[in-house]
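Using the sequences provided together with the hints, build the complete structure.
Residue numbers (the numbering used here), protein chains in the order written: chain A, 1 to 287; chain B, 288 to 556.
By construction, these hints were calculated from the structure, which means they are not laboratory data. Since the model is a prediction, treat every value here as computed from it, not as a measurement. Among the hints, erroneous ones may be present.
[Unchecked claim] In silico lysine to aspartate or glutamate, EDC-like type, Cα no more than 20 angstroms apart, as pairs:
1. B:423 / A:259
2. B:452 / A:259
3. A:87 / B:424
4. B:452 / A:122
5. B:452 / A:126
6. A:87 / B:412
7. B:423 / A:126
8. B:453 / A:94
9. B:475 / A:94
10. B:453 / A:126
11. A:87 / B:450
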Amino acid sequence: MNDSSAPAPAILQPASDNPNLQVRFKSEGGRLLLLLPPEAEVSANHSSASKSNASQEGANSDSAAGNSPSGNGANTSNWNDLWQQLKQRLNAGERFWQPETAVHLVARDRLLDVRQLQAIADALADAQLQLKRVYTSRRQTAVAAATTGYSVEQHSPVAHLNQPSAESGQALADPLYVQTVVRSGVEIRHPGTIVVLGDVNPGGSVIADGDVLVWGCLRGLAQAGAAGNGQCLIMALRMEPTQIRIAEFVARAPEMPPDQFHPEIAYVSSEGIRIARAAEFSRIRLS
Amino acid sequence: MSRIIVITSGKGGVGKTTCTANLGMALAQRGHKVAVVDADFGLRNLDLLLGLENRIVYTAVEVIAGECRLDQALVKDKRQPNLALLPAAQNRTKDAVNPDQMKQLVTSLTATYKYILVDSPAGIEMGFQNATAAAKEAIIVTTPEIAAVRDADRVIGLLEANDIKKVHLIVNRLRPAMVQEDMMMSVKDVQEILAVPLLGVIPDDERVIVSTNRGEPLVLSQNISMAGLAFSNIARRLEGEKVPFLDLMAAHDDLFSRIRRLFRNSSRN
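Pasting the structure below:
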């Protein structure tokens, strides 16, 4: 990978601001688009806690050294992360896929070999989805896709599909609805609102640019308004979080858990993050 | 139809190997051909727990390298001829084999054996990937401790992502008296977080230590212990039988502990 193809805007914006950070499905005109994150972003995911520019730059220089033997290892772990994310999203959305929907894979600058493409196609087939077309900016990926028998569209590396410019404001993506238990070690990021039907366990995290709604027990970490919107909310049927974050505010759960749990909503007030019972929330907000 | 079951936990020292040895023996006692596979290359223990250490000639690594046949490496148990052990190499590390080789090796056991139990090493690295490569189902072993449950949760997530969706739970080393006192997580607490079906609960028992040191699985002993009984029950549940759970709390639910609990609850409110 040469420097000109490295996505420069990634340095300019915080990690969570980038809508392309995780594997994502998007429906468009009856088809499903499967968007893969660009190479650099997934390795940035490893240092997920620190979202400083320094770690971003470190990640970029990692992938710049992609030709060295050590860079090769990074590529495998990259693929593993991508694979895990894809499987998680497929499992979590199972109920909603319509059989035999066509999927277009937007691979961007990601290198995929024949075996990996086949693995993606097989995983999609398990969910009764059909891989039809591959969009890529890499020649090797295009060749691999053609060999495997999918129609290919190759773009020039600079003009990423749907790549947002760093300067302009962006509309939130469509809400992400997942039916799953977000287990320890799993991180769900989405540049819009996230709805989780299931529990978020300790060690798991849900990070949204919009609201976070957990129809279950929130025991892990939830972050709403990750791009900086302090109006965003975190809602859970049972609020026992390790930590909650809204925009730049951070809060822990109270030391003593309450005797009874009610559906609750966390919001930012003038004194920081507050939690209100869902039933009383609208009154608090109005007064 | 053979069943390949991986026994794993994430955290070390929670009783994976003990469970593998006892479940393997219990299933063999029930008349099934069982192979137990030690996937803990470099830190093998399963042979010790089964008392088969001194009969190992070849290991899985030699089978994979083509230096011996599979049946030469398999160690048959003299006490229970239905049970065979495929030992791991002690002088190698986890990187000596890759998941594809392991998958091929374990799958080749299905020709002869009804149950293949793979004892996974702790962690989620290469050794774990090797152990899970061929498995179609998994048994998660955890103790009622926050750290063990957290790691078990992570492992279940990884298994699900690798298409192993038939996952069952064993809660090991439960101390009913401590649960009564509210000093230990209860089985219900563990289940609430992990949200996978429960296969059995094994009480903490000193005889487990004795049996591991002697190399005689608990289920073999004449006057069977609570832990041994729990293992036999788990083996029956694995076969699809409905066996009621042992009432471990009963012995500790005497008048005194009831009064103590009453006072503790009233002082809290």
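Hint by hint, here is what the structure shows:
1. A threshold of 20 angstroms between alpha carbons decides the hint, and for residue 423 of chain B with residue 259 of chain A the separation of about 41 angstroms lies outside it, so the pair is violated.
2. For the hint linking residue 452 of chain B to residue 259 of chain A, the alpha-carbon distance of about 35 angstroms lies beyond 20 angstroms, and the restraint is violated.
3. Restraint check for residue 87 of chain A and residue 424 of chain B: satisfied, since their Cα atoms lie roughly 17 angstroms apart, inside the 20 angstroms limit.
4. For the hint linking residue 452 of chain B to residue 122 of chain A, the alpha-carbon distance of about 17 angstroms falls within 20 angstroms, and the restraint holds.
5. As the CA atoms of residue 452 of chain B and residue 126 of chain A are separated by approximately 13 angstroms, the hinted pair is consistent with the 20 angstroms bound.
6. For the proposed pair residue 87 of chain A and residue 412 of chain B, the alpha carbon gap of about 18 angstroms is at most 20 angstroms, so the pair holds.
7. Our distance criterion of 20 angstroms between C-alpha atoms is met by residue 423 of chain B and residue 126 of chain A, whose separation comes to about 16 angstroms.
8. Of the supplied pair hints, the one linking residue 453 of chain B and residue 94 of chain A holds, its CA atoms being roughly 17 angstroms apart against a limit of 20 angstroms.
9. Using a Cα cut-off of 20 angstroms, the hinted pair residue 475 of chain B and residue 94 of chain A is violated, with the two alpha carbons roughly 28 angstroms apart.
10. Annotation: proposed proximity of residue 453 of chain B to residue 126 of chain A holds, straight-line Cα distance about 16 angstroms (limit 20 angstroms).
11. This hinted pair checks out: residue 87 of chain A and residue 450 of chain B have alpha carbons roughly 8 angstroms apart, not beyond 20 angstroms.
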